[in-house]
Every structure is written in C-alpha cells, then in structure tokens.
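*Asks:* Residue numbers (our numbering), protein chains in the order written: chain Z, 3 to 427; chain F, 3 to 427; chain R, 3 to 427; chain E, 3 to 427.
Keep in mind that the hints are not guaranteed to be accurate.
The list makes no distinction among identical chains, and a pair is therefore deemed to hold if it is satisfied within one copy or across any two copies.
No farther apart than 25 Å at their CA atoms in a straight line, the calculated lysine to any residue pairs in the SDA-like style are these [stated by the list, open to error]: (1) Lys191 with Val174; (2) Lys138 with Asp24; (3) Lys227 with Arg239; (4) Lys282 with Thr343; (5) Lys227 with Thr193; (6) Lys34 with Glu61; (7) Lys191 with Arg32; (8) Lys138 with Ala127; (9) Lys34 with Ser137; (10) Lys34 with Asp160; (11) Lys138 with Gly36; (12) Lys45 with Asp230; (13) Lys45 with Thr236; (14) Lys191 with Thr173; (15) Lys375 with Thr388; (16) Lys34 with Thr283; (17) Lys39 with Asp177; (18) Lys227 with Pro386.
These are calculated hints, taken from the structure and not from any lab test.
Keep in mind that this is a model prediction, so the values were computed, not measured.
Protein chains: 4
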Amino acid sequence: MADDAERRSGAGSGAKSGHDRDRDTTILTRLKDGSLKLYELEKELSPIDAIRVRREFMEQETGTPLENIGIFSIDVDRVVKRNCENMIGTVQVPVGVAGPVIVNGGYASGRFYLPLATTEGALVASVNRGCSAISKAGGAEVRILHDGMTRAPVFAADSVGHAAQVCDWVTVHRDELRVAAESTTSHGKMTGIVTFVAGTSVFVRLEFDTKDAMGMNMVTIASAKVADLIAQGTGVRLIALSGNMCTDKKPAAINGILGRGRSVVAGVSLTHELISQVFKTDARTLFEVNYRKNFVGSARAGSMGFNAHAVNVVAAMFIACGQDAAHAIDGSTCITTVDLTDTGVYVAVTLPSLPVGTVGGGTGVETQAECLKLLGVAGSGTPPGTNAKKLAEIIGAAVLAGELSLLGALAAQHLARAHQQLGRG
Amino acid sequence: MADDAERRSGAGSGAKSGHDRDRDTTILTRLKDGSLKLYELEKELSPIDAIRVRREFMEQETGTPLENIGIFSIDVDRVVKRNCENMIGTVQVPVGVAGPVIVNGGYASGRFYLPLATTEGALVASVNRGCSAISKAGGAEVRILHDGMTRAPVFAADSVGHAAQVCDWVTVHRDELRVAAESTTSHGKMTGIVTFVAGTSVFVRLEFDTKDAMGMNMVTIASAKVADLIAQGTGVRLIALSGNMCTDKKPAAINGILGRGRSVVAGVSLTHELISQVFKTDARTLFEVNYRKNFVGSARAGSMGFNAHAVNVVAAMFIACGQDAAHAIDGSTCITTVDLTDTGVYVAVTLPSLPVGTVGGGTGVETQAECLKLLGVAGSGTPPGTNAKKLAEIIGAAVLAGELSLLGALAAQHLARAHQQLGRG
Amino acid sequence: MADDAERRSGAGSGAKSGHDRDRDTTILTRLKDGSLKLYELEKELSPIDAIRVRREFMEQETGTPLENIGIFSIDVDRVVKRNCENMIGTVQVPVGVAGPVIVNGGYASGRFYLPLATTEGALVASVNRGCSAISKAGGAEVRILHDGMTRAPVFAADSVGHAAQVCDWVTVHRDELRVAAESTTSHGKMTGIVTFVAGTSVFVRLEFDTKDAMGMNMVTIASAKVADLIAQGTGVRLIALSGNMCTDKKPAAINGILGRGRSVVAGVSLTHELISQVFKTDARTLFEVNYRKNFVGSARAGSMGFNAHAVNVVAAMFIACGQDAAHAIDGSTCITTVDLTDTGVYVAVTLPSLPVGTVGGGTGVETQAECLKLLGVAGSGTPPGTNAKKLAEIIGAAVLAGELSLLGALAAQHLARAHQQLGRG
Amino acid sequence: MADDAERRSGAGSGAKSGHDRDRDTTILTRLKDGSLKLYELEKELSPIDAIRVRREFMEQETGTPLENIGIFSIDVDRVVKRNCENMIGTVQVPVGVAGPVIVNGGYASGRFYLPLATTEGALVASVNRGCSAISKAGGAEVRILHDGMTRAPVFAADSVGHAAQVCDWVTVHRDELRVAAESTTSHGKMTGIVTFVAGTSVFVRLEFDTKDAMGMNMVTIASAKVADLIAQGTGVRLIALSGNMCTDKKPAAINGILGRGRSVVAGVSLTHELISQVFKTDARTLFEVNYRKNFVGSARAGSMGFNAHAVNVVAAMFIACGQDAAHAIDGSTCITTVDLTDTGVYVAVTLPSLPVGTVGGGTGVETQAECLKLLGVAGSGTPPGTNAKKLAEIIGAAVLAGELSLLGALAAQHLARAHQQLGRG
C-alpha cells in the first residue's frame with residue numbers, strides 16, 4: 003500500500019528518471035514564462051504527473067512546501083476529468099463516526115454508523131449523543147415527503163401581455179416540453195413545470211425525478227432543451243438557464259415551501275426518563291430552549307433557519323459522502339420542532355430541500371465512496387432512486403440527532419463548559 | 003515519505019507484533035460486546051492506533067473495506083483532541099488552484115493563487131476564468147467594512163416590564179460586562195453589546211474583535227460569563243447561550259444588516275473590450291443576466307441570496323483552508339451587483355458575514371495549513387487580526403471571480419454546453 | 003338631504019321627545035353602573051339610536067365631544083349587523099380622484115378615474131401624474147395571472163409518520179373534500195388543495211375561486227367543513243382553522259410565490275421623450291433609481307417589498323372601495339421593475355396577492371359603493387368574478403401609476419422640495 | 003348642525019344663485035374640453051366649491067351619483083392643502099369602540115376606550131373580548147423600547163473603495179451632519195446615523211426623535227440636507243432620498259431588528275381561571291394554537307409576520323386616529339408570544355416599528371381628531387413626544403387584545419361559527 007500511495011501521490015521523486023527530470027524542468031520554465039498555462043498541463047502529462055508538476059510550480063511560486071497536499075490515494079484519472087481542474091493534490095478532512103443510530107424510514111431501515119467529515123471539535127461527540135438518545139427511544143421515524151430536482155430558466159418578454167402569453171403557451175405545450183426534456187436523459191423524468199412572472203421576466207421552474215443522482219446537471223441539460231423550445235415557440239428571449247427561482251445554492255423560501263431535492267422529515271418521541279438520563283434536563287426545559295431560540299430568536303433575527311445547527315451535520319455528512327458541499331446551504335433549510343407530550347417530548351426536523359445523490363459528482367472519489375458504502379448506499383439503488391432516498395433519510399436522522407444533542411446541551415447549560423474543556427478559542 | 007505516510011496511516015500491518023495483534027483482537031471483542039465504547043478507544047490506545055482499530059471495527063460491522071479512508075498523512079495526535087472525535091481516518095477532497103488573481107485590498111495586496119477543495123467539476127476552471135478577467139482589469143479592489151464575531155444568549159424575563167428592565171440594566175452595566183467578558187480571553191476585545199426583546203425573551207448580542215481567530219469559541223466562553231452576570235444582576239433566567247440572534251450557521255437578515263465575522267466588499271471595473279474578450283458577451287447582456295437572475299429572480303423566489311453561486315467559492319475555499327465548512331452558510335450571504343458604466347460594467351460582491359480565522363479550528367491540520375501558507379496567511383498576523391482580514395479579502399476577490407465567470411457563462415449561454423462537454427448528469 | 007343626514011346621524015336632539023329623553027337617561031345610567039353592556043344597546047334600541055346613545059356615553063365617559071363622528075349618511079341598519087360592532091359613528095376619510103388612466107386589461111378596458119381615500123398630502127397628485135404618463139403612453143397593459151383565495155388549517159399529528167399519512171389521505175380523498183367544501187357555498191369553487199408538513203404540524207392549503215367576493219369568509223366556512231372531514235378520516239387534531247400558511251394579513255413568501263387572491267401584473271412602455279416631458283428625467287436615471295432603491299436597497303434591508311410605495315395606492319384604493327384595509331398588507335406585496343429598452347423604459351408592477359371583491363365586506367357601505375360604481379365594478383359581474391378581476395386590474399394600473407410617479411420624483415430629486423412646499427413636518 | 007353639515011358638504015343646491023350656476027356650468031365645460039384641469043379647480047373656486055364641482059364633473063363623466071361622498075362635516079380648507087388633492091368628498095368608515103382596556107404603560111396609564119374604524123364584521127367585538135380579558139387580569143403592561151423615525155438616502159459611489167471612503171467620511175463628520183439636519187426642523191433631534199454598503203451603493207440611515215409627529219416629512223427634509231452635504235463632501239452621487247433601507251411602507255427585517263418609529267411591547271398574564279372564563283379554552287390549547295400557527299406555520303410559509311392578525315387592529319386604529327393607513331404595513335410587524343407559566347399563560351406582542359404621531363398628517367381632520375381626543379392624545383404632549391408614545395402604547399395594548407381574542411377563538415374552534423352567524427361569504 004505504501005507503494006501505491008507513493009505512486010498516486012506523484013511524490014516518488016526517487017523513481018524519476020533523468021528524462022523525466024528534464025521534461026519537468028522544461029515545463030516549469032514554460033509555466034513561468036507564461037507560454038504554458040496551468041490548466042494545459044494535462045494535455046502534455048499524465049494526470050498524476052500534471053498534478054505533481056503543478057504542485058511543484060505552486061511551491062516555487064509561493065515558496066510554500068505542499069508536502070501533505072501531495073499525499074493522497076484516490077484515483078486522479080477520473081477526478082481531473084470530472085471533479086476538479088488545475089488539481090495540485092487533496093486536503094485531508096478528518097472523518098469521525100457517530101452512532102449507530104436506529105432509523106425507521108420508508109427507505110432506510112436499521113442501524114447506521116454516520117461518517118462525519120469535520121474539523122469542528124465536539125461535533126461528532128454531540129451527534130453521537132443524539133444517536134444514542136434516538137436509538138434508546140426505538141429509533142427515528144423518517145419519511146420522504148417529496149422528491150424533485152429543479153431548474154428555472156429566466157426569459158425576457160416584451161411586455162407583461164407577452165409574459166402572460168408565454169405562461170399560457172407553456173401550459174398548452176406541457177406534454178411536448180416533457181418529451182423534449184426527457185429526450186436528453188436516460189434516467190430523469192420531468193414531474194413538474196410551473197411558470198412565474200415578475201414584470202417582463204418569465205421564470206419556468208422545471209422539476210425532475212432524478213433517481214439516484216442529485217441531478218443538477220441532468221436537469222440543467224434538460225432545461226436548456228426546454229428553454230430553446232419556449233424561446234422558439236413564443237419569441238421570448240432566454241436570459242439565463244438558471245434564473246434563481248430554482249433556487250440553487252441560496253437560502254430561498256421557494257425551496258422551503260415547494261421543496262427541492264429530497265424533502266425529508268424525521269422525528270422521535272423521548273420519555274421524561276430518557277431526557278433526564280441522556281440530557282440531564284427535563285421536557286419543559288428542552289421545549290423552552292427550542293421555543294425561545296429556534297422560533298422566537300430566529301423570528302426576531304429575520305432568519306430563514308428555525309433550527310439550532312442543522313448545517314453542521316449536513317455539511318459534515320455531505321463532505322464525507324461526496325455530496326456537493328455548497329449544497330449544504332439548501333440542504334440545511336430546517337425547522338426543528340419540540341412538542342410537549344403527555345410522556346415527554348416529540349422532537350422533529352423538517353428538511354424540505356436536501357439535494358443528495360449516490361451516483362455522479364464526488365460520490366466516486368474513493369474515500370467518499372467508502373463512506374457511502376459504510377451506509378449501504380453507494381451507486382444506483384434497486385429500483386433506481388432508492389439509494390438516494392435512503393441517504394436522505396439517514397441524513398434526516400443524523401440532523402435530528404444533532405439538534406437533539408445541542409438543544410439538550412443548551413438546556414443543561416453545558417455548552418460553555420464543553421468549549422472550555424476543549425481548551426479552544 | 004512513503005514510510006512516513008505508512009506510519010501516519012496506521013495501516014502498516016506488516017510492522018504489527020503478535021502482542022499488538024492480541025491487544026487489538028481483545029479490544030475489538032470488547033467493542034462488539036459493548037463493554038468498551040467507540041469513543042473510549044483513545045483512553046486505551048494511542049491516537050493512531052485508536053483510529054486504526056476503530057476503522058477495523060467499522061469494517062467488520064459493516065462489511066465495508068475502508069482502505070482509502072485509512073490513508074492519511076496529517077498529525078492525528080492534535081486532531082483527535084481538537085478537531086474530530088471517533089476518528090476513523092480522512093476523506094481526501096481534491097484541491098485545484100485558480101488564479102493568480104490580483105487583489106488590491108486593505109490587507110491583501112498582490113497576486114494570489116486560490117486553493118479550492120471541491121468535487122464539482124468546472125468550478126475551478128470557472129473561478130480561474132474570473133481571476134483572469136480581474137487580473138487583466140488591474141485587480142479586485144477589496145475592503146473590510148466591519149469586523150466582529152457575535153454571540154447572543156437568550157433569557158426569559160417574568161414580564162415585558164422585567165424585559166425592559168434587563169435592557170436598561172445591561173446599558174448601565176456595559177463597562178463591567180466588558181471587563182468580565184475580556185477576562186475570559188487573552189486576545190478578544192468586546193466591541194459591542196445590544197439588547198433585543200420579543201415578549202418575555204431578551205436577547206443580548208455581544209460582539210467581539212477576535213483578531214486572527216474566527217472566534218466562535220472565544221465569544222461563547224465570554225458570553226457565558228456575561229450571561230451569568232446578567233442573570234445574577236436582574237433575576238432573569240438564562241435559557242440558552244445561543245439564542246439564534248447571533249446568528250450562527252443559519253441564513254439571517256441580522257447578519258446581512260449588522261454584519262458578523264468579517265464584512266467584505268470586492269469590486270472590479272471591466273471594459274467593453276475585456277468583457278468581449280474574456281466572456282464573449284457584452285456589458286448590457288452581463289448586466290441583464292444579473293438584474294433578472296440575481297435581483298428579480300431572487301426577489302420572486304423569496305431568497306436571501308442575491309448572487310449566482312457565491313457559496314461554491316466560499317465552501318471550496320473554506321474546506322481547503324481549514325475553516326468551518328458549516329460556516330459557508332453565513333459566509334455566502336452575498337449581494338452581487340453589476341452596474342452599467344460609461345466604459346463597461348462595474349461588478350461587485352458584498353459579503354457582510356464572512357466568519358474566517360487563520361488560527362484555531364481546522365487551520366492547524368497539515369493539508370489545510372499548507373493552503374493557508376499558499377495564501378501567506380497561516381497563523382497569527384502582525385499585528386494580530388491582519389491575517390484573518392487578509393484571508394477575508396482574498397475570499398472576497400475569489401467570490402467576485404466566481405460570480406463574474408458564471409454570469410459571463412450564462413450571458414453567453416454556455417452553461418448547458420459546459421455541462422454537456424463534461425459528460426455528466 | 004340635510005334632513006336625511008340629520009336623521010341618519012342620530013344627532014337631531016331637537017326632535018327628541020320627553021319619552022325618548024327619559025329612556026336615554028335610563029340607559030346611560032345602566033351603562034354606567036355596568037348593568038347594561040355597550041354591545042347590548044342594539045338589543046334595546048334601533049341601530050341609529052344605539053349609535054347615538056353609545057356615542058353620548060363615550061362623550062360623558064371621556065369628556066370628549068364627538069360631534070363630527072356623529073355626522074354620517076350611510077345606512078347603519080346593515081352596517082351594525084355586518085361591518086362594525088359597538089358603532090359610535092364614522093370617520094370621514096378624504097377622497098381625491100386621480101386620472102383618468104387608460105387601462106388595457108383582460109377585464110378592465112377604457113379610461114378610469116381612481117378614487118383614493120387618504121390623508122397623506124401629495125399622494126393623489128402623485129398618482130395623477132403617473133396616470134397622465136400612462137395614458138399618454140397609450141395605457142397600462144394589465145393581466146390577471148392567477149386567481150384563488152386560500153385558507154390553511156393546521157392540524158397536529160401524533161408523529162411524522164402520521165403526518166405523512168394525513169397528506170396521503172388528503173390526496174386520495176381530494177374529490178370528496180372538494181364536494182364537501184363546495185356544499186357550504188353557492189358560488190365558490192375549490193380549485194386547489196396542497197399539504198405541507200413541519201414536524202407533527204400538517205397544513206392543508208385550500209384554494210377557491212370566489213367569484214366577485216374577496217372570499218375569506220366563504221373560504222373559512224368551507225375550510226371548517228374540510229377540516230372536520232380530515233380530522234375524522236385521519237385522527238389528526240385540528241389546532242386552528244387558520245394555520246398562517248394561508249397566509250392572511252401578514253407578509254409571506256408563500257403568497258408571493260403561489261399567489262393569493264388576484265395575481266396581477268401591469269406594465270407600460272415609456273419613450274425617452276415622454277420620460278423627459280412628464281418626469282423631467284431620463285431613462286437611465288429612472289432605471290438607476292429603481293435598481294439601487296427597489297432592488298439593492300430592499301435586498302440589503304431584508305425587505306419583502308421590492309417597490310417604492312405600492313401600499314400607499316393599495317391602501318387608499320382599498321379604503322375608498324370598501325375593501326378590507328388590513329388586506330393592504332398582502333395586497334401591496336409588489337415587485338416593481340424598470341427595464342431599459344431601445345426606446346426608453348418598460349416599467350411594470352407585479353402584485354401576486356391582491357385580495358379584492360366587489361360584493362360583501364365593506365362594498366355595500368354607501369360611500370364605498372359609490373367609489374366602486376365610479377369604477378363600474380359595483381356588485382356582481384357578468385359572468386360572476388369579472389367585476390372583482392376588473393377591480394384588481396384597475397388597482398394594478400393605479401399602483402403602476404404611483405410607482406412611476408415616485409420613481410420619477412426621486413429621479414428628479416424633487417421629493418424633498420415637494421415635501422417642503424407642502425409645509426409639513 | 004344640519005345647516006353646518008349642509009354648508010360643508012357643498013351639496014346645498016337650493017342656496018345656489020343664478021350667478022353660481024352659470025359659473026359652474028362654464029367650469030364644467032372647460033373641464034370637459036380639457037382647457038381646465040381637475041387639479042386646477044382650487045385656483046378658481048373656494049375649496050368647498052371646487053370639491054362640489056369636481057364631484058359633479060365625476061358624476062357626469064361616469065354617470066354615477068356620488069350623493070353620499072358629498073356629505074361630510076370636516077373642514078376642507080385645510081384638508082385640500084395638506085391631506086388630499088383633487089378631493090371630491092369623503093368615504094365614511096364606521097367606527098366602533100372596544101374596551102375599556104386597562105393599560106399600565108410608561109406613558110399611557112388608566113382605562114381606554116379604543117376607536118376602531120373598520121368594515122370587517124366581528125373585529126370590534128373580538129378586540130372587545132380581548133380588552134375584557136386584559137382588564138380582568140389587571141391590565142396590559144406596556145413599554146416603549148426604542149423611538150426613532152428613519153430615512154435612508156442611497157448614493158452611487160464610483161467603486162467599492164470610494165464607497166468605503168464615504169462611510170468613513172460620514173463617521174468623521176457625524177457632528178456637523180447632525181447640526182445641519184437639525185437646522186431644518188424646530189422639533190426633531192438626530193439620534194443616529196449608520197452607513198451600509200452594497201457594492202457601489204451606499205445607504206445612510208438617519209434616525210430622529212420626532213417628538214409627537216410621526217415624522218416622515220421632517221426626516222425627509224432633514225435627510226435632503228444631509229444628503230447634499232455628503233454628496234458635496236465625498237463626490238458620491240445622490241440617487242434617491244429614500245433608498246429602501248429606511249424602510250418605509252414595506253415589510254423589512256431591518257425595521258424588525260433595529261426598530262422604526264415607536265418600538266412597543268405589551269404583555270399580560272392570564273390565569274387558568276380567566277382563560278376558561280373568557281375564552282372557553284385552556285392554557286395548553288391557547289399555547290398550542292400560537293405555537294403551531296404563529297411560529298411553525300409562519301416559519302413554514304416564509305412569513306415575516308409571527309402573529310395572528312395584528313394588522314386588523316393596527317389598520318383600524320390608524321384609520322380612526324388619522325394615522326397614515328399605508329403605515330399599517332410597517333406598524334403591524336409583530337411577534338406574538340404565548341408562554342406557559344405556573345399560573346396559566348403570559349401573552350405578549352412585540353411591535354418594533356409602529357410609526358405614529360399625534361400632530362400632522364391626518365390627525366387634524368375633525369373626525370380623526372375626535373378619536374385622538376377620546377384617547378387623550380390629541381396634539382402635542384407635555385413634554386413633547388409623550389402623546390405619540392402614549393398612543394403607541396395604547397395601540398400596543400389594542401393589538402394584544404386582538405391577538406388574545408383571535409387565539410382564544412381559534413382555540414375554542416369558534417372561528418367558523420362566528421363567520422357563519424354573521425351570514426357572510
């Protein structure tokens with residue numbers, strides 16, 4: 003394995019022949035004088051060599067040794083084509099496991115260890131405590147409420163009358179637009195098309211069942227086809243394939259209301275005894291923390307996030323599992339509710355717009371693929387779509403664990419002490 | 003180095019003695035029968051061994067080989083204490099470089115290569131194109147408008163009259179609260195304290211100059227001290243150290259309006275010629291894409307994000323540079339403006355709540371530290387605070403590059419083609 | 003007519019007989035000693051007398067002469083039953099007319115004088131100037147994009163699984179719910195039913211075509227019927243007939259996105275010449291004011307209103323025309339766009355949630371009915387619904403006039419001078 | 003008084019001489035042929051005659067008798083100068099009284115009858131029930147938390163660097179800007195000046211103590227002066243005197259967070275017994291309605307309003323009391339909280355941005371002035387400002403009454419029945 007790591011890292015200078023050394027020197031000179039661009043290296047070198055030479059160039063340019071960035075084991079041939087241009091190596095993000103957590107979902111059923119990639123001390127421990135509470139309570143109940151990835155091109159009409167006509171045209175031609183959209187993809191199914199008008203701007207929000215893919219690319223390509231037909235059919239001008247009513251990678255009410263990606267809800271009932279045992283607090287206090295912080299505080303702050311720290315869990319799971327980390331912003335749209343019940347509390351998280359996939363994107367990078375395998379969701383499910391939904395449910399349960407634990411810690415006023423013990427700041 | 007990597011990976015089975023093997027077997031048995039908890043491994047084993055045994059346990063439990071997760075070069079002794087509990091290894095996130103980009107900031111000045119950790123194909127290439135445009139235009143002008151990390155405990159008063167009294171008490175005792183707050187930290191300075199009332203809930207938003215630290219922990223510890231004094235002085239009950247008016251890790255208007263972390267603005271003037279040359283479009287089209295997408299579309303979607311994809315750049319820079327990835331949600335709060343000018347366009351990004359630091363958190367992990375060194379911002383600045391501000395300015399310029407490039411691509415309607423050429427979806 | 007006014011005002015003390023005087027004195031004594039409640043007066047007296055005696059009681063209690071409040075001409079017999087309890091008279095709100103404005107709508111077509119009830123000096127003059135510009139440009143193009151009044155009861159489920167079942171049940175029983183809903187109304191048609199889940203809370207948003215009625219009451223009664231069936235069929239608990247996802251009388255993204263009441267868009271194209279002539283400014287400046295104020299400023303302020311002062315016009319039209327003044331909050335949700343065109347600008351307003359009616363509510367009060375008649379929209383249209391839509395289109399054009407005029411005034415920096423000339427402050 | 007009403011109404015045709023009749027006919031002819039504009043009538047006629055002739059013109063143009071609009075008693079000489087252009091008469095809005103409600107405020111203290119101008123049946127009765135509950139509980143505790151009317155001009159800078167300079171310049175010249183601002187007003191005091199940047203747009207939010215005036219005009223005039231100085235001092239271009247960060251007459255997070263106008267909080271503690279007696283429900287149900295509707299529902303709807311129907315009360319009080327009805331949109335920004343307590347519930351409303359005044363605007367119109375007198379707040383207070391604050395506190399208590407009553411009705415599931423009994427829809 004050491005050999006393997008060495009080869010992949012492109013760091014094995016001992017094995018470099020005189021010929022190779024000369025070639026590298028020439029290339030570095032050309033990079034410096036600008037006759038070769040950094041992104042052209044893969045045209046002249048194998049991926050592994052391109053990465054190494056590019057890193058050497060960076061080291062020389064900045065006077066910074068990049069030793070650790072150069073150590074990696076993933077297969078870069080595919081990565082440089084699909085995941086990352088101008089690659090110089092990798093950063094290693096620590097992965098901890100929380101759990102197991104029992105999940106009783108529509109797709110995920112059983113005990114799961116959760117891989118969390120993070121450098122935020124105390125996060126894994128916190129989620130772990132939440133998993134413990136959930137499992138002791140019999141598991142998290144999880145449901146997928148909606149499933150559909152969206153893209154919304156924006157067009158410019160000549161007038162508001164023209165804009166209204168475009169909407170009518172789309173309604174009338176809905177079926178043929180669907181056929182055209184689906185002709186661009188072997189998997190995706192168009193499940194919705196809605197129009198919105200703002201003055202002369204017309205937004206057409208297309209929704210697709212993207213099976214096990216997160217699906218943004220599939221949807222973008224299909225939308226381009228549909229957008230062309232709309233432009234041809236109505237004389238409206240296409241302004242941008244994404245008109246921000248998708249809404250991709252921005253917090254947006256439309257995602258919260260209509261859903262985007264997988265819409266997940268997860269809940270668990272905790273008895274008074276369990277609350278006392280695991281969280282050293284009581285139902286009323288747990289409830290009050292959630293009420294004053296996640297509702298009154300968020301309302302007062304003009305926040306779109308009615309939760310404690312959903313993004314911590316979403317981001318850590320996304321990075322571990324090869325999801326698009328930027329999607330943590332949509333994915334962490336979350337309402338956390340704590341209901342007082344006769345027996346204790348019922349705690350739930352609602353995640354209307356979790357964009358996840360188990361194929362494509364970063365899911366094939368070896369370390370990330372291992373995390374997906376750990377959860378039993380790598381690659382396409384049977385039938386297609388079930389793996390992505392299973393992953394969404396597991397993340398839903400993980401977020402529930404994280405919320406439970408932080409609310410519990412705040413309730414017990416342990417937060418500051420936890421930070422002090424870590425000696426950070 | 004191969005040896006080194008082997009040792010660090012904890013994977014060197016060849017070197018394991020019979021004694022070690024027996025010990026591991028015993029421990030695995032205890033983990034399975036529940037007499038030893040996963041998080042207790044570090045009590046019995048060295049960090050590197052604990053990670054290895056925990057990973058072996060996970061492999062056996064889930065039947066999943068975790069070969070690549072086990073290959074890493076970072077120093078885990080510190081990581082397991084400060085960054086990640088229950089560690090089983092790392093995920094390797096590909097790092098590409100964009101740039102160089104010329105930055106004319108108050109703290110960052112010169113040419114910078116931007117490290118971006120991502121698995122989203124086309125992102126690095128896109129930012130790279132934006133950097134090229136910026137540099138050709140003479141560089142991005144960047145300014146820090148405000149600097150202050152916040153925490154807002156929430157208290158429960160008995161009545162609205164009591165709530166009003168608490169606000170008055172805080173105003174009167176401001177100086178002694180500051181002294182108390184600053185007694186908990188060697189670096190931080192309390193720069194603000196504001197009260198908000200919603201019914202019986204009182205929120206006290208404390209703001210600190212945290213120098214080169216991102217500062218959440220420092221601020222949380224100081225807030226605990228202040229919160230205790232307020233509770234003692236007024237009889238109000240502390241409900242939670244974080245009352246969501248901070249607002250940490252949720253999209254929130256209060257951060258956009260009052261700022262949180264580093265508030266950054268970056269802009270660049272592009273001539274008609276440059277727009278045509280780099281983006282194959284014109285000023286009017288670039289402007290119209292931004293207007294209809296980032297303003298009209300975002301307004302219509304009820305979005306808090308008036309930008310194209312700021313989070314892509316923020317998340318990739320954060321992961322590369324050891325920032326808290328979950329903070330990308332606050333950090334990517336962004337308004338992107340394109341003004342039509344006599345000579346072309348002036349494009350700017352405004353990032354009011356970028357929480358970054360160059361010490362603490364994940365900044366000490368070796369691969370991430372190398373990314374910070376690449377930017378010349380590792381560790382404490384001289385004077386303290388200047389490195390973090392420099393990093394904030396560089397990220398501001400990077401976001402500007404990303405916005406420019408995507409707006410340009412949309413304007414030229416190249417987006418779908420770019421995706422198709424990558425063969426993804 | 004003077005006699006008539008006197009009679010109605012209940013102020014004609016000269017005509018009061020000794021018997022009446024004694025009766026009144028007795029009643030006033032009972033009101034004072036608490037043996038008769040203010041709201042019980044109509045049980046013992048005719049409406050006109052009840053109003054008079056109640057006012058006299060108020061005068062005595064507070065030592066305040068309420069002479070003018072007692073002068074009115076409207077028929078109070080119906081008002082005290084349908085519009086106002088504990089009535090003591092009326093306030094007189096000045097009505098000015100703006101226009102005529104030419105409207106080219108789907109329902110409103112022709113020249114309209116706009117009645118505006120307001121005490122804000124300069125408003126009528128401002129709208130008038132906008133009307134002038136619109137008419138000179140050939141009229142406002144207006145379209146109704148959507149029409150549907152909504153109510154969303156909220157239920158409490160036992161768990162998230164139960165919540166998901168409730169949604170499924172509603173989907174399956176959609177037709178029978180519609181039949182039940184429509185059995186409660188002679189006019190309304192149920193046009194939509196959508197479910198939303200947040201933890202254990204289930205919201206069922208019902209949408210109706212309410213014809214010429216604004217329709218809140220019709221929809222509330224129908225929703226009560228539907229809510230009972232859902233509770234019976236699923237075992238879920240009804241918490242409130244309005245669960246705030248309606249959303250009634252609060253600013254809410256859901257109304258902006260999905261529409262509520264009448265969704266209206268109005269636009270007009272202004273030439274360079276017209277802009278210069280009417281507004282003493284130019285296309286570029288008009289555009290820039292809208293861009294920096296209504297988009298950049300509103301985005302920066304965390305505002306849900308991307309307009310200049312839509313509510314001024316909506317409130318003034320609503321009060322004049324007997325609409326529910328509180329609905330001005332929903333009705334003024336508005337995005338104002340100014341597009342640069344080859345010939346000048348295209349200005350539009352988008353009002354997604356304008357709740358208006360021409361029957362019911364305050365539309366029958368005589369002064370308000372006269373305003374509706376002035377617009378040719380009093381009572382039921384032929385076919386039903388056309389009058390309300392016509393009114394919505396006229397208000398759309400009026401808002402457009404108001405926006406145009408204020409943007410023009412700001413562009414010409416006349417605002418402060420206008421205020422100074424009015425000598426107010 | 004009948005004579006008086008007749009004169010004022012301008013309807014006394016019997017008294018019209020032949021000379022007058024000829025003059026009117028001539029004028030009507032000139033209006034019809036366009037040689038005289040509607041708004042020019044006051045140049046040729048006394049206000050009362052101008053109103054009458056304009057109304058006659060409208061009647062002829064539209065074929066609509068406007069008999070009731072022509073009946074009014076208010077003094078139009080001032081109204082046509084200050085409140086309404088192109089006046090044709092008034093609409094009569096029914097006024098009911100609710101209460102008395104006991105208010106224990108910082109400025110308002112005692113029992114108050116609340117005048118509510120509305121055509122929404124059941125509203126006065128509902129508020130009345132809330133007043134009863136509050137008074138039985140000993141009264142509403144009310145506090146003013148902040149007081150300051152704002153205006154925020156927007157400027158265009160050349161670059162983000164220039165924008166940052168403008169902010170610095172404003173900070174440095176704060177004192178001289180205040181002197182200049184205050185030179186424009188005899189009453190107002192500048193209490194704050196804050197700058198915000200979004201790209202090249204600079205917003206300067208000025209805050210004033212406007213004493214008993216609502217103050218928008220005062221603040222606008224002062225802002226014009228300040229804006230000129232800033233433009234002169236920095237070379238920045240003034241784009242609009244109102245840049246929407248004020249934020250005037252739009253829902254906006256900035257008002258909720260920083261306050262605008264009078265920031266009011268009102269609360270009351272209700273015992274179990276009182277809840278049962280007045281509302282026929284219990285503490286837990288009342289609490290749950292508020293939690294699921296006003297928090298969970300509003301959060302799920304992307305609403306900025308965390309209340310049941312605050313605007314109903316604010317609009318009705320505003321119209322009755324001569325406030326700017328369009329300001330109900332800002333004024334009704336409200337968070338309603340219901341806390342479970344040992345003895346029952348504590349219910350509170352928080353109104354951060356209530357723009358009210360007791361001088362200027364519509365406060366001098368006779369009917370509206372009588373409503374203010376009814377509350378003991380007409381005209382300037384001693385010291386100045388106390389009347390406006392007293393009015394704000396009374397409205398706070400009124401909103402509390404309205405919220406209590408609707409929550410109670412929903413809790414008892416009486417809402418639909420109430421509507422059915424009114425026989426409306």
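*Asks:* Compare the structure with each hint and give your call.
*Replies:* Structure-based check of all given hints:
| no. | hint | result |
| --- | --- | --- |
| 1 | Lys191 with Val174 | both (19 Å within a copy, 23 Å between copies) |
| 2 | Lys138 with Asp24 | neither (64 Å within a copy, 32 Å between copies) |
| 3 | Lys227 with Arg239 | within (14 Å within a copy, 44 Å between copies) |
| 4 | Lys282 with Thr343 | both (18 Å within a copy, 22 Å between copies) |
| 5 | Lys227 with Thr193 | within (16 Å within a copy, 31 Å between copies) |
| 6 | Lys34 with Glu61 | within (12 Å within a copy, 46 Å between copies) |
| 7 | Lys191 with Arg32 | neither (48 Å within a copy, 49 Å between copies) |
| 8 | Lys138 with Ala127 | within (17 Å within a copy, 48 Å between copies) |
| 9 | Lys34 with Ser137 | between (58 Å within a copy, 17 Å between copies) |
| 10 | Lys34 with Asp160 | neither (51 Å within a copy, 35 Å between copies) |
| 11 | Lys138 with Gly36 | between (62 Å within a copy, 14 Å between copies) |
| 12 | Lys45 with Asp230 | neither (34 Å within a copy, 59 Å between copies) |
| 13 | Lys45 with Thr236 | neither (43 Å within a copy, 52 Å between copies) |
| 14 | Lys191 with Thr173 | both (18 Å within a copy, 21 Å between copies) |
| 15 | Lys375 with Thr388 | within (14 Å within a copy, 43 Å between copies) |
| 16 | Lys34 with Thr283 | neither (63 Å within a copy, 30 Å between copies) |
| 17 | Lys39 with Asp177 | neither (47 Å within a copy, 55 Å between copies) |
| 18 | Lys227 with Pro386 | within (24 Å within a copy, 41 Å between copies) |
Hints 2, 7, 10, 12, 13, 16, 17 from the earlier list are contradicted by this structure; the remaining hints agree with it.
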